Amino acid sequence: MLISLLFCFASVKLTAQSINRDSLKRIAFSRDSIIQDSLAAIARIITTAKTDGRRLRLSNAQRQKFNADKKNAGSDLFKPAPGTVSDTLMLSDSVYAKAFRLAAYKKAFGYRKRTTGHYILVGGVAAASAVAAFFVIGISLWLANGAHVGV
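In our numbering, the protein residues as written are 1 to 151.
For the record, the hints were derived by calculation from the structure and aren't laboratory data. Remember, it's a predicted structure, so these values are computed and weren't measured experimentally. One or more hints might be untrue.
What the hints assert, rightly or not - Across the chosen pairs, the derived CB separations fall in these ranges:
{"hint": "1", "residue 1": "89", "residue 2": "122", "range": "27 to 33 Å"}
{"hint": "2", "residue 1": "142", "residue 2": "54", "range": "54 to 60 Å"}
{"hint": "3", "residue 1": "143", "residue 2": "121", "range": "55 to 61 Å"}
Claimed, not checked - Derived pair list, reagent style PhoX-like, types lysine-lysine, alpha-carbon separation capped at 20 Å:
{"hint": "4", "residue 1": "98", "residue 2": "71"}
{"hint": "5", "residue 1": "107", "residue 2": "50"}
{"hint": "6", "residue 1": "106", "residue 2": "71"}
{"hint": "7", "residue 1": "70", "residue 2": "107"}
{"hint": "8", "residue 1": "107", "residue 2": "71"}
{"hint": "9", "residue 1": "106", "residue 2": "65"}
{"hint": "10", "residue 1": "79", "residue 2": "106"}
{"hint": "11", "residue 1": "98", "residue 2": "50"}
{"hint": "12", "residue 1": "107", "residue 2": "79"}
{"hint": "13", "residue 1": "79", "residue 2": "98"}
{"hint": "14", "residue 1": "65", "residue 2": "107"}
Glycine included, every Cβ here is placed at the ideal spot set by N, Cα and C.
With these hints in hand, go ahead and build the complete structure from the sequences.
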């Protein structure tokens, strides 16, 4: 009996455990393309939210309320509303709401991108300071070594 049972199991082909490489590649490719599509969709949502958030204008009363508490980026002042967004379907998307609030807060707080002129100015001040320090140290060493000034 035991031998017949073993013979039965040995004669059955177990094809369910074999792996087809092509199907694995298709599964992996489809999963990667789904992830890439979702990342691209999130990037589009964030870009839309940033442009909408930068267009938000605070009224004078809202500006005074913001100036009283500038550290509160999660304030309801920056909440996206149907009149301030380009697509009202985005209002229920949490990624859109977070990106909108951050962009609106940065605009209200006065964040600016630093321009090339800013870096040239800062670099010029640093270079001038280094030259002045080198000049002062050189003169002090020259005088300390016994140089005679004026005769």
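Here's how the hints hold up against the structure:
1. 89 to 122: 27 to 33 Å: About 44 Å separates the Cβ atoms of residue 89 and residue 122, which means 27 to 33 Å is violated.
2. 142 to 54: 54 to 60 Å: Between residue 142 and residue 54, where Cβ atoms are some 56 Å apart, the hint holds.
3. 143 to 121: 55 to 61 Å: Roughly 33 Å apart at Cβ, these two residues miss the hinted range, so it is violated.
4. 98 to 71: This hinted pair holds, its Cα atoms lying about 16 Å apart.
5. 107 to 50: 10 Å, holds
6. 106 to 71: Holds, at about 11 Å.
7. 70 to 107: 12 Å, holds
8. 107 to 71: Holds - the C-alpha atoms of residue 71 and residue 107 are around 13 Å apart, at most 20 Å.
9. 106 to 65: 16 Å, holds
10. 79 to 106: Roughly 13 Å between the alpha carbons, so the hint for residue 79 and residue 106 holds.
11. 98 to 50: 10 Å, holds
12. 107 to 79: With a Cα-Cα distance of about 14 Å, the restraint between residue 107 and residue 79 holds, given a limit of 20 Å.
13. 79 to 98: 9 Å, holds
14. 65 to 107: Holds: residue 65 and residue 107 sit about 15 Å apart, inside 20 Å.
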